[in-house]
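Asker: If you want the building blocks of each chain, they are given just below.
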Amino acid sequence: MAIQICIVEDDESIARMIEAALSIVGYECEIYGDGVQATEQILKYNYDLILLDIMLPGIDGFEVLQRIRSREIPVIFLTAMQAVSDKVKGLKLGAEDYIVKPFEAVELLARIEVVLRRYHKTQTLLTYEDLEINLEKHSITKGGVPVMLTPKEFDVIVFFLQNMDIAITRERLLAAIWGYEFEGESRTVDIHVQQVRRKLGLQHRLITLPKLGYRLEK
Amino acid sequence: MRLWQKIFLISLICIFIAVEGTAVAVSWTDFHSTIQREESQAVTMHTDLVNGMVGQILYERLSQDKVLLPPNEVLEIVEKRIISHQSSNRQMAVFPLQKGKSTIADTSGRFELLTRQTNFRREVLRRGKDECLTLITEDKGNIYCLTGSLAGMEGQTYEVYTTMDFTDLYQARQKQLHLIGNLSLGFAITISAILMLFVYLLLRPLREINHSLQKLAGGNYNTRLEEKGNQEFQILAQNVNTMAIATEEHVNRLRLIAEERKQFIDSFAHEMKTPLTSIMGFADILRVKRSVSDAQRQEYADIIVKEANRLKNLSGKILELATTEGTQLEFEITSAKKMIDELKVAVRPLFHQKHIKLRIHCEDVTVCVDRELFKSLLYNLIDNAVKASKEQGEIRLRCIQQSEHIVFSVEDDGIGMTKEQLKHVEEPFYMADKSRSRKAGGAGLGLALCAEIVKRHQASLTFKSSPGIGTTVQVRIQGGENP
Chain D
90 MAIQICIVED
100 DESIARMIEA
110 ALSIVGYECE
120 IYGDGVQATE
130 QILKYNYDLI
140 LLDIMLPGID
150 GFEVLQRIRS
160 REIPVIFLTA
170 MQAVSDKVKG
180 LKLGAEDYIV
190 KPFEAVELLA
200 RIEVVLRRYH
210 KTQTLLTYED
220 LEINLEKHSI
230 TKGGVPVMLT
240 PKEFDVIVFF
250 LQNMDIAITR
260 ERLLAAIWGY
270 EFEGESRTVD
280 IHVQQVRRKL
290 GLQHRLITLP
300 KLGYRLEK
Chain L
136 MRLWQKIFLI
146 SLICIFIAVE
156 GTAVAVSWTD
166 FHSTIQREES
176 QAVTMHTDLV
186 NGMVGQILYE
196 RLSQDKVLLP
206 PNEVLEIVEK
216 RIISHQSSNR
226 QMAVFPLQKG
236 KSTIADTSGR
246 FELLTRQTNF
256 RREVLRRGKD
266 ECLTLITEDK
276 GNIYCLTGSL
286 AGMEGQTYEV
296 YTTMDFTDLY
306 QARQKQLHLI
316 GNLSLGFAIT
326 ISAILMLFVY
336 LLLRPLREIN
346 HSLQKLAGGN
356 YNTRLEEKGN
366 QEFQILAQNV
376 NTMAIATEEH
386 VNRLRLIAEE
396 RKQFIDSFAH
406 EMKTPLTSIM
416 GFADILRVKR
426 SVSDAQRQEY
436 ADIIVKEANR
446 LKNLSGKILE
456 LATTEGTQLE
466 FEITSAKKMI
476 DELKVAVRPL
486 FHQKHIKLRI
496 HCEDVTVCVD
506 RELFKSLLYN
516 LIDNAVKASK
526 EQGEIRLRCI
536 QQSEHIVFSV
546 EDDGIGMTKE
556 QLKHVEEPFY
566 MADKSRSRKA
576 GGAGLGLALC
586 AEIVKRHQAS
596 LTFKSSPGIG
606 TTVQVRIQGG
616 ENP
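Chains as they are written, first to last, in our numbering: chain D, 90 to 307; chain L, 136 to 618.
For the record, the hints were derived by calculation from the structure and aren't laboratory data. Built from N, CA and C at the ideal position, the CB exists for glycine as well. Heads up, some of the hints might be wrong.
Stated by the list, open to error - Covered by chain D, according to a simulated footprint, are these stretches of chain L (three or more residues, beta-carbon under 8 Å):
1) 465-477
2) 480-493
As the list claims (entries may be wrong) - As a list, the in silico PhoX-like pairs of lysine-lysine whose alpha-carbon atoms are at most 20 Å apart:
3) D:LYS307 with D:LYS231
4) L:LYS397 with D:LYS176
5) L:LYS479 with L:LYS492
6) D:LYS176 with L:LYS408
7) L:LYS473 with L:LYS408
8) L:LYS510 with L:LYS473
9) L:LYS599 with L:LYS554
10) L:LYS558 with L:LYS510
11) L:LYS424 with D:LYS307
12) L:LYS424 with L:LYS479
13) L:LYS397 with L:LYS452
14) D:LYS300 with L:LYS424
Unchecked claim - Here are some chain L residues pointing at chain D (derived, C-beta under 10 Å):
15) LEU314
16) ARG422
17) ASP568
Just chain L, with the same shape it has in the complex (with noise of 0.2 Å):
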């Protein structure tokens, strides 16, 4: 249920309850006070009714003069008493106590229900001659105050009964309750709707907000909200906004480094096709033709062999910066000349068929790296320059202090390469001049694996270069202690 409708019904609940719940108690305060008045007042008028009856039968015995009016005198003068006092709404019955004798004044009949009220009759004996004694009761659909006493008269004891009918009292009653039923139920909606529609509008920036939620949800996280409304609303417009912010940052990072990656998936797909593609087709050539000559096979073979070296080091390469990216580094603190003779050997055999003399500068300094990375990194330097280096070139490799950092540069007198080349070095797969590259068994990863290393020892990596002249490429990094 909607927070509106909920509203809606709670309200509308709770103040029908209110309004018809006072109404209803001032009503019924009201209607027994009436009552009491008019049971009173029917009181008073069998009181003087009876006295009156009382009178005239004195009034009688004494102008015949007699010591005793018979019984039936008596009901005689009582029952024409009582039809000249009895009107629409009041009626009148006297009946002598003994049993078995008739009754009088029973003109209308109304007198049955006095039958059935034998507990009503019982008290009215019980208490005797000078009270009077009223019940309300219910007879064929009308009500009636019925009123009972004693009355002695002539050494007689008769018991007296007058009804008033309190039937319109009842259902002018009945008509206000269902009056002030109908006005509460009224007067709830009309509030309620009222409520309703106030919690309708304050709750507009809510739905605002929602369907910007809805947006950003959807994918749409470039959606802001606008900083409007109540300052509850304000807040959470501006909470939103912060979070679809930092969503949309998210998202672009990792849409890049997908798109990255994807790339990456490309280029490779693409390396490994090319030797694959002359390797299966030569295979398939040695296969399907008839006549091959010793001179053909030579070749074929040939090439079926470059091309597949081709795939073994472009795989030992990817595997190298697979393994770069998710192991955990072991820094220790090393001698920088100590790393350097080592790796002087590594490289050697880089330099023969080209006649390359490498000269080595290194400072008395320390440097906390992963040793096997770092020289791995140095390595990779190295081949990339002894690859660019003509015949009987020369490579120099410096490791010197500069202020806090610790420099290695390598540097050779090679092709070079351009500003728009540069740019793109570090991509993976990329390569600077293919056709040369690819002849050097190059797989386009090394500088890749290189910016990779120098990432995680948060050193950087710099080159400077240009065509004809050389290149330069220098690595950076805090001496000493722990990066």
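Chain D on its own, in the form it takes in the complex (with noise of 0.2 Å):
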């Protein structure tokens, strides 16, 4: 079953785009405009994760979160504030992850991907091909015959089937393995990215998109 993610924001816009960018990775997306109504939606239905707004019309969302608390499901908060306070008020408050706006669609979605995996909502199994992809056991084989990829390697490879089909830049890839941004460091990228390439036999699937980066494609 597909992952369902429930979005409150009140600006149709913006409510758009991020179904859209949660869509390429095939998550399921209900929209509501207002606090009240979300929060009633909420507690009926089980959602995996919930994309909050703060500012809402009615009830905001720290008052959101705090009645939906009992449900204990995952809550990222999308805000155009930047104060830290309110950083720290919505992480106290139990939220998983603060993006501030505005934000590239790929960064929500690995934000996304992170606290699912933390609640193991991800599929601990991936396949792709004849490649399959154990995440607990952090093994890979090709053919039913056991590939060797160096950890970083193996994130590698994982990121990119987490994110099929969509253009990775060299500095989200660096940014989500590495957990740095560092625009000298890209060569460590090309250089993982080719190894994970000839490894699994991915030269034709695992394409360097010129100017842009990579992309795995289906």
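Got two chains here, each in a separate frame; can you build the complex from them with the hints?
Answerer: Rendered as structure tokens:
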């Protein structure tokens, strides 16, 4: 069953944009533009994750979060407010993450991925053509034969599989795998991607996009 | 140096000098007369001695019945006499005038000093027989009064000298000076200390004032002084309090302004980031997604254009607001009718979409305004009325004279606002109905701009509204002449 995500956002365009971004990786979304209505729906249905705007008509995002705490659904705040005190307040109330507008679609997806993994809502078994990857065992087989990858190479292929058909910039890959954003280090990314390509025989599927980055095609 | 330290030191020095000076002057006069008295006594005794000596010599000559006694006999008699008359503090010496003769009656050896006092001896010789001279001189740590005269005995002239020991006198004086010094120092210290204590006590309110001022300087603007103590301090405390009150008021006003500014910036950032989020998000999706259907691309691009327009409107309004706040207004006396005629052309495009009618009633009055800004004010009010109105609604623009004031009013039959919403309408970025307002392309700055223009014209802006019935906005401005 596909992952169900609830979007609580009063700006239609932003809600529509988030929906479009989430649909790329196959998440299903419901959109609510009003805090009270969203609270009712969240208490009724079983969502896997909630994306919650703070400035909402009716009751604000903090209030919504307090009312639905009993459901123990992971919440990511979306907000234009950048004040640290707001962040602290959101995280104290039990939010899993805090994304400041404006944000890139891929960043949103990566943050959602992290939170879902923490809640064990992602698949532990990924398959792609003749590749089988077990996230729990940290193992990868190609046509039933185990392939040896370094931990970083393993992370790289997993990230591509989780963001199938999406163009991934080197910076994004650096931030996701190495945990920092550093332009001078994009060579490292290239070397790892080349290794993954060679070891897994993905020369024609994990393609280089000039000036942009890489993409693993379906 | 602190004030009390200065007072202590200065009074210490002054009192010491005054007391010591007076005492020393008095004791010096006293001592001087004592010395004079002692000197004249020494002279008397000296004269007595000399006369007695001369008398005895005369008596010896008569008793021996000689014409003249030989000098050695004379000296013998003199020596005996000297020895019988000398005491611990009085000695005598008698010299024959001719040089080379031996000295007599130098029993103590004290007359060595005479050999050093050649000037004195010369003076004694010059003065002649009937005069006595005195000199106070020091020898081997003792002070003597040296008295000298000439005496003629048996056809011979002799120098006669006596000494009186004045050492005790001088020692007593030394002791007295020492005592005076100690006493006056003690006296000065005591008085200075008392003075210092007084100053310290008198200045205590000053320290309290200082303490409070420090608190004020540290940012506690609600600090107030107790108005007590001397009159001077009361006045000072009053003035400090007045200053504190003024400062507090100013600071509060500044704080309020800063708070409003911050609120404005926050809202502005929010209003800017919202369309930016959609634009960035959709652009990113178009960039990274491998296959985008034509329908999707169309939808995404539409949203991007719509949101970009919102940003454009926002920046335009912000600019307008900023220029309104910053520019110098150009007031001129204008006919209201003429102004509204010009406005009519400008607002026409607003009515097309909803097929709204504008009814104008304008009396023939003149107002003193900045034409462009005032037109912008009316334009914004009409724009708001259009946004609130239903399809085929009606908007009424009136301009009438009410005693000294000219009243412009814009009235609609639209959705209206609640009392709670009315309270906030003039705040920048406030939108009574966010989603409706955004669909209509509003940035929430229109009324903030109106309020600013009205403020610059020293006019007043009032709202009457009830939900579902409509809203009336009134601008009341002083008529005719320069406001």
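Asker: Each of the hints needs a verdict: does it hold here or not?
Answerer: Each hint tested on the structure:
Counting residues of the region 465-477 of chain L whose CB lies closer than 8 Å to any CB of chain D gives 0, which falls below the minimum of 3, so the coverage claim is violated. Counting residues of the region 480-493 of chain L whose beta-carbon sits less than 8 Å from any beta-carbon of chain D gives 0, not enough to reach three: the coverage restraint is violated. Proximity of LYS307 (chain D) to LYS231 (chain D) is assessed by CA-CA distance (about 17 Å); at most 20 Å being required, the pair is judged to hold. At most 20 Å may separate the alpha-carbon atoms for a hinted pair to count; LYS397 (chain L) and LYS176 (chain D) meet this at roughly 18 Å.
A distance of roughly 11 Å separates the Cα atoms of LYS479 (chain L) and LYS492 (chain L); the hinted pair therefore holds under the 20 Å criterion. Only pairs whose Cα atoms come within 20 Å are accepted, and LYS176 (chain D) paired with LYS408 (chain L) is accepted, the gap being roughly 17 Å. For the given pair, LYS473 (chain L) sits about 41 Å from LYS408 (chain L) by alpha-carbon distance, which is inconsistent with the 20 Å threshold. Proximity of LYS510 (chain L) to LYS473 (chain L) is assessed by CA-CA distance (about 11 Å); at most 20 Å being required, the pair is judged to hold.
For the proposed pair LYS599 (chain L) and LYS554 (chain L), the alpha carbon gap of about 9 Å is at most 20 Å, so the pair holds. The straight-line distance between the Cα atoms of LYS558 (chain L) and LYS510 (chain L) is roughly 25 Å, outside the 20 Å bound, and the hint therefore fails. Note on LYS424 (chain L) and LYS307 (chain D): the hinted pairing holds, with a Cα-Cα distance of about 12 Å set against a maximum of 20 Å. A C-alpha spacing of about 49 Å is found between LYS424 (chain L) and LYS479 (chain L), which places the hinted pair above 20 Å, so the restraint is violated.
At most 20 Å may separate the alpha-carbon atoms for a hinted pair to count; LYS397 (chain L) and LYS452 (chain L) meet this at roughly 18 Å. For the given pair, LYS300 (chain D) sits about 15 Å from LYS424 (chain L) by alpha-carbon distance, which is consistent with the 20 Å threshold. Given hint, LEU314 (chain L) at the interface with chain D, is violated; its Cβ is 79 Å from that chain's nearest Cβ, farther than 10 Å. Contact between ARG422 (chain L) and chain D, as hinted, is supported at the beta carbon level, the nearest pair being about 7 Å apart and thus within 10 Å.
Taking 10 Å as the C-beta cut-off, the interface hint given for ASP568 (chain L) holds, the closest approach to chain D being about 9 Å.
Checked against the numbered hints listed earlier, the structure breaks hints 1, 2, 7, 10, 12 and 15; every other hint is satisfied.
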